[in-house]
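2 protein chains.
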Amino acid sequence: MNAEILAVGTELLLGNIVNTNAQYLANGLAQLGINVLHQTVVGDNEARLIDALRLALSRSDIVITTGGLGPTGDDITRETIAKVFGRQLVRDEHSMKVIRDYFARTGRKMGPSNEKQAMLPEECIVLQNDWGTAPGCVVEQDGKSVIMLPGPPREMGPLFDQRVRPYLAKFSDAVIASINLREFGIPESTVQELLDDLMKGESPTLSPYAKEGEVQLRITAKAATEEEALAICRPVAEEVKKRLGTAYYGENVDSLQEVVVKALLEKKKKIAFAESCTGGMTAGRLTEISGSSEVFECGIVSYANRVKHALLDVREKTLQDHGAVSEETAAEMAEGVRVRAQADYGVGITGIAGPGGGTAEKPVGLVYVAVSDGKDCYVRRLLLGHSGSERAHVRYLSSSNALDMARRLIIGLPQPDGTVRVDPPKLQAPTSFFGN
Amino acid sequence: MNAEILAVGTELLLGNIVNTNAQYLANGLAQLGINVLHQTVVGDNEARLIDALRLALSRSDIVITTGGLGPTGDDITRETIAKVFGRQLVRDEHSMKVIRDYFARTGRKMGPSNEKQAMLPEECIVLQNDWGTAPGCVVEQDGKSVIMLPGPPREMGPLFDQRVRPYLAKFSDAVIASINLREFGIPESTVQELLDDLMKGESPTLSPYAKEGEVQLRITAKAATEEEALAICRPVAEEVKKRLGTAYYGENVDSLQEVVVKALLEKKKKIAFAESCTGGMTAGRLTEISGSSEVFECGIVSYANRVKHALLDVREKTLQDHGAVSEETAAEMAEGVRVRAQADYGVGITGIAGPGGGTAEKPVGLVYVAVSDGKDCYVRRLLLGHSGSERAHVRYLSSSNALDMARRLIIGLPQPDGTVRVDPPKLQAPTSFFGN
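If you read the sequences in order, they're chains Z and C. Take the first sequence: its letters are residues 1 to 436, numbered as in the numbering used here. Take the second sequence: its letters are residues 1001 to 1436, numbered as in the numbering used here.
Honestly, the hints are just simulated from the structure, not real lab data. Being a predicted model, the structure only gives us computed values, none of them experimental. By construction, the Cβ of each residue, glycine as well, lies at the ideal position given by its N, Cα and C atoms. Mixed in with the good hints, there may be bad ones.
20 Å max Cα-Cα, derived EDC-like pairs, lysine to aspartate or glutamate [as the list claims (entries may be wrong)]: (1) C:Lys1083 to C:Glu1046; (2) C:Lys1109 to Z:Asp196; (3) Z:Lys426 to Z:Asp344; (4) C:Lys1109 to Z:Glu214; (5) Z:Lys211 to C:Glu1188; (6) Z:Lys200 to C:Asp1074; (7) C:Lys1200 to Z:Glu11; (8) Z:Lys362 to C:Asp1101; (9) Z:Lys375 to Z:Asp344; (10) Z:Lys242 to Z:Asp417; (11) Z:Lys109 to C:Glu1193; (12) C:Lys1211 to Z:Glu155; (13) C:Lys1109 to Z:Glu155; (14) C:Lys1200 to Z:Asp74; (15) C:Lys1109 to Z:Asp74; (16) Z:Lys200 to C:Glu1079; (17) C:Lys1222 to Z:Glu11; (18) Z:Lys109 to C:Asp1197; (19) C:Lys1211 to Z:Glu11; (20) Z:Lys109 to C:Asp1196; (21) Z:Lys200 to C:Glu1046; (22) C:Lys1109 to Z:Glu193; (23) C:Lys1268 to C:Glu1294; (24) Z:Lys109 to C:Glu1188; (25) C:Lys1170 to C:Asp1142; (26) Z:Lys211 to C:Glu1294.
Here chain Z is said to cover these stretches of chain C; the calculated rule only asks that three of the stretch's residues, wherever they fall, bring their Cβ under 8 Å from a Cβ of chain Z [said to hold, decoys possible]: (27) 1011-1025; (28) 1297-1309.
So here's chain Z without its partners, still in its complex pose (with noise of 0.2 Å):
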């Protein structure tokens, strides 16, 4: 059973909006056990729409399109699909009712460009739509489903999850599922070397999904049942567990920073970040995971040197002799802010994000980043990114490694190879000024 998702509008061939609802349809079908092995974008033109759509039709059992079925002129999903199908437009009287409700309750007035939208090709099934004023429909024909579908991400959505998934599930003979399992630290090229034989298998499969230095491995099957498909997924999931090692970093989760909030949650830990070059992006990460005020009081963003004496007792000879970028102000950073909030764990990070700022000696990427919890200060040197790299990306890196850092500490791993242990380092001022 193949699906096929067609997405009908100029403005995505313009590139004036991204093509979510393809993503959310594929996901959905995926769930279902429905196959999608092609997706399509054409602009408001019938000859082009009606050759995607006799293509589409012979190469897929269900054929999905989205957008096209608004009131305006240049909406011309409709007509154009009954004109293939050799079907006329009739008013669907119930439809045309639920467009005046909808106006009359939104309080808007109705134009009468609106009642073209309750024109629907003769004997197809009407999918109301409670969410806007375009219903969706679907026509069948010679064991093929057309299915219309508006092309608001808002009126989409909760037509497909509410009438469009009843629908096809008598085509869905099997299930899919999914492990997904998260690694920080290992590079794509690696992870497929390690894993090349995994790679190779049919049942369950493994695909690598290499983002913004992360590999997200997701093993799926397909079977009858959820808890079948998962069954076969297992052996494989533990495996990949370990093989990645101390690299592996969670299963079914999104994120370093929820892996991280969810150790501190067990036990009960609290957590401070000082950030010059991320400048609040760690813990503005941390802090989009909702029960991270739990675990997370304070954070303090020292740009300048002043502030990372003033705030995070920062020796002005450390500065003076090492710089800012360097491995002891990054570790006085961590015990700093770790002492000053109060926290069982601190985190520093200081470094050249860059465009500006690098020299032979201290280059572009260069970044520091120390975790300590008052016994132990672990440091790391990296060389981030390349010639071309972006400010962002160095940014993002270094707040994903001391994320990572700080998880190996939490739950008691060892730290990355060419971390260097170090005690924590004499502050300033090391009496916190927290109640008095």
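Assemble chain C onto chain Z, guided by the hints.
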């Protein structure tokens, strides 16, 4: 001259990721005056990739592929396209060197699989990738061009802008030029009504693109030269600015933070942030902008009241009487961080991002934003999102509103309706401890 975008990647068909590359390329091609009539997505499957490529070549002059150039086994774009054109893959020594240098520089171990990335179709035009390891390339045959680009947007974007644009310029008979205007604060539907007549225009065209509480307005015209095209756009651009009023914040700029940094650089002033619910996101957004170190020295993330009091001098009585999420606390946070950081402007943000923590009196989405320059302090009460709305959305809009209020204060524009002016509050410990 027609181009077609062909994305290769099973992760797109599974809905793991959104095809943002297609929008980026469509947008860039439109600017070059090259029409895009089709976008297609296929998986990492040789047979279907060959079919898709042949179809694309049958109807388009230029085919741009994204993805499938990585080191892993399921990256098959290079091999498959070489096959379709009957060419051998030959090792490009320069690309090999670039890849080796990349690994040497980042101190990572290079696997044999990375050498695969330097294997390119014979007689192709190599597009050197300074942003990653996979070079792009162009294969020209029978008057058609196939341009292969890597999938990661961070590499694909600069490769297109810096390598492909110059290559494509020779195909372009006319130039499309655009003026992009951005506004914050007027909802999309209102913008539609304000600019309805202008949006009906043919040359220039005016298209709105709404995202995360902002609307970008793109005015586009086609002409023989860029100058002519821009001259056609200019009158409409000026009319749009007039109608948007103070909500308009920049021409051909990327973000509110960019405009704030520029305004501060011009005035040689400094800003500081005190963030609660946004958790450092606002400082993180400001420091995305290179050069921000000139205007930003200190940000404090005060998730706990303890920290608001101790680091920002927010009075304990204020926290007791009005709570952490209140006009009074926001004002004291803004003034507190301004004084502590010895900055010209201070920004305070406190609110309830959710999903938890809401009450009938103080629901999720209630946020107070304050900006102070030491003479005037402006506080705004916001009720962001709605019942179903997400933590990330509330946080992002909170920081956007803070940046917009800062922009208005810095360049001397009135604050949005509903903003309250108060005298800068007296702080618990008004002495700055910097330097003394």
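Hints, verified against the model:
Distance restraint check for Lys1083 (chain C) and Glu1046 (chain C): the Cα-Cα separation of roughly 10 Å lies within the 20 Å cut-off, and the hinted pair is therefore satisfied. Distance hint between Lys1109 (chain C) and Asp196 (chain Z) is fulfilled; the C-alpha atoms sit about 17 Å from each other, no more than 20 Å. Straight-line distance between C-alpha atoms of Lys426 (chain Z) and Asp344 (chain Z) comes to about 17 Å, which keeps the hinted pair within the 20 Å bound. Between the alpha carbons of Lys1109 (chain C) and Glu214 (chain Z) the distance comes to roughly 16 Å, so the proposed pair stays at or under 20 Å and holds.
A threshold of 20 Å between alpha carbons decides the hint, and for Lys211 (chain Z) with Glu1188 (chain C) the separation of about 32 Å lies outside it, so the pair is violated. Proximity of Lys200 (chain Z) to Asp1074 (chain C) is assessed by CA-CA distance (about 10 Å); at most 20 Å being required, the pair is judged to hold. A threshold of 20 Å between alpha carbons decides the hint, and for Lys1200 (chain C) with Glu11 (chain Z) the separation of about 15 Å falls inside it, so the pair holds. Of the supplied pair hints, the one linking Lys362 (chain Z) and Asp1101 (chain C) holds, its CA atoms being roughly 18 Å apart against a limit of 20 Å.
For the hint pairing Lys375 (chain Z) with Asp344 (chain Z), the CA-to-CA distance comes to about 10 Å; that is within 20 Å, so the pair holds. Annotation: proposed proximity of Lys242 (chain Z) to Asp417 (chain Z) holds, straight-line Cα distance about 18 Å (limit 20 Å). Between the alpha carbons of Lys109 (chain Z) and Glu1193 (chain C) the distance comes to roughly 14 Å, so the proposed pair stays at or under 20 Å and holds. Between Lys1211 (chain C) and Glu155 (chain Z) the alpha-carbon distance is near 17 Å, which keeps this suggested pair within the 20 Å criterion.
Among the hinted pairs, Lys1109 (chain C) with Glu155 (chain Z) is inconsistent with the structure: their alpha-carbon atoms are about 48 Å apart, more than 20 Å. For the given pair, Lys1200 (chain C) sits about 13 Å from Asp74 (chain Z) by alpha-carbon distance, which is consistent with the 20 Å threshold. A hinted pair counts as satisfied when its Cα atoms are at most 20 Å apart, and Lys1109 (chain C) with Asp74 (chain Z) does not qualify at roughly 54 Å. Between the alpha carbons of Lys200 (chain Z) and Glu1079 (chain C) the distance comes to roughly 18 Å, so the proposed pair stays at or under 20 Å and holds.
With a C-alpha separation of about 17 Å, the suggested pairing of Lys1222 (chain C) with Glu11 (chain Z) holds against the 20 Å cut-off. About 19 Å separates the Cα atoms of Lys109 (chain Z) and Asp1197 (chain C), which keeps this hinted pair within 20 Å; it holds. With a CA separation close to 15 Å, the supplied pair Lys1211 (chain C) and Glu11 (chain Z) stays within the 20 Å bound. Note on Lys109 (chain Z) and Asp1196 (chain C): the hinted pairing holds, with a Cα-Cα distance of about 17 Å set against a maximum of 20 Å.
Between Lys200 (chain Z) and Glu1046 (chain C) the CA atoms are separated by roughly 15 Å; this keeps the pair inside 20 Å, and the hint holds. Our distance criterion of 20 Å between C-alpha atoms is met by Lys1109 (chain C) and Glu193 (chain Z), whose separation comes to about 12 Å. Pair hint Lys1268 (chain C) plus Glu1294 (chain C) holds up; C-alpha atoms about 8 Å apart against a cutoff of 20 Å. Restraint check for Lys109 (chain Z) and Glu1188 (chain C): satisfied, since their Cα atoms lie roughly 18 Å apart, inside the 20 Å limit.
Simply put, Lys1170 (chain C) and Asp1142 (chain C) have alpha-carbon atoms about 17 Å apart, close enough for the 20 Å limit, and the pair holds. Between Lys211 (chain Z) and Glu1294 (chain C) the CA atoms are separated by roughly 31 Å; this puts the pair beyond 20 Å, and the hint is violated. Against chain Z, the segment 1011-1025 of chain C contributes 14 residues with a C-beta closer than 8 Å to a partner C-beta. That satisfies the three-residue criterion, and the hint holds. Here's how the segment 1297-1309 of chain C fares: 10 of its residues keep a CB closer than 8 Å to some CB of chain Z, so the rule of at least three is met and the hint holds.
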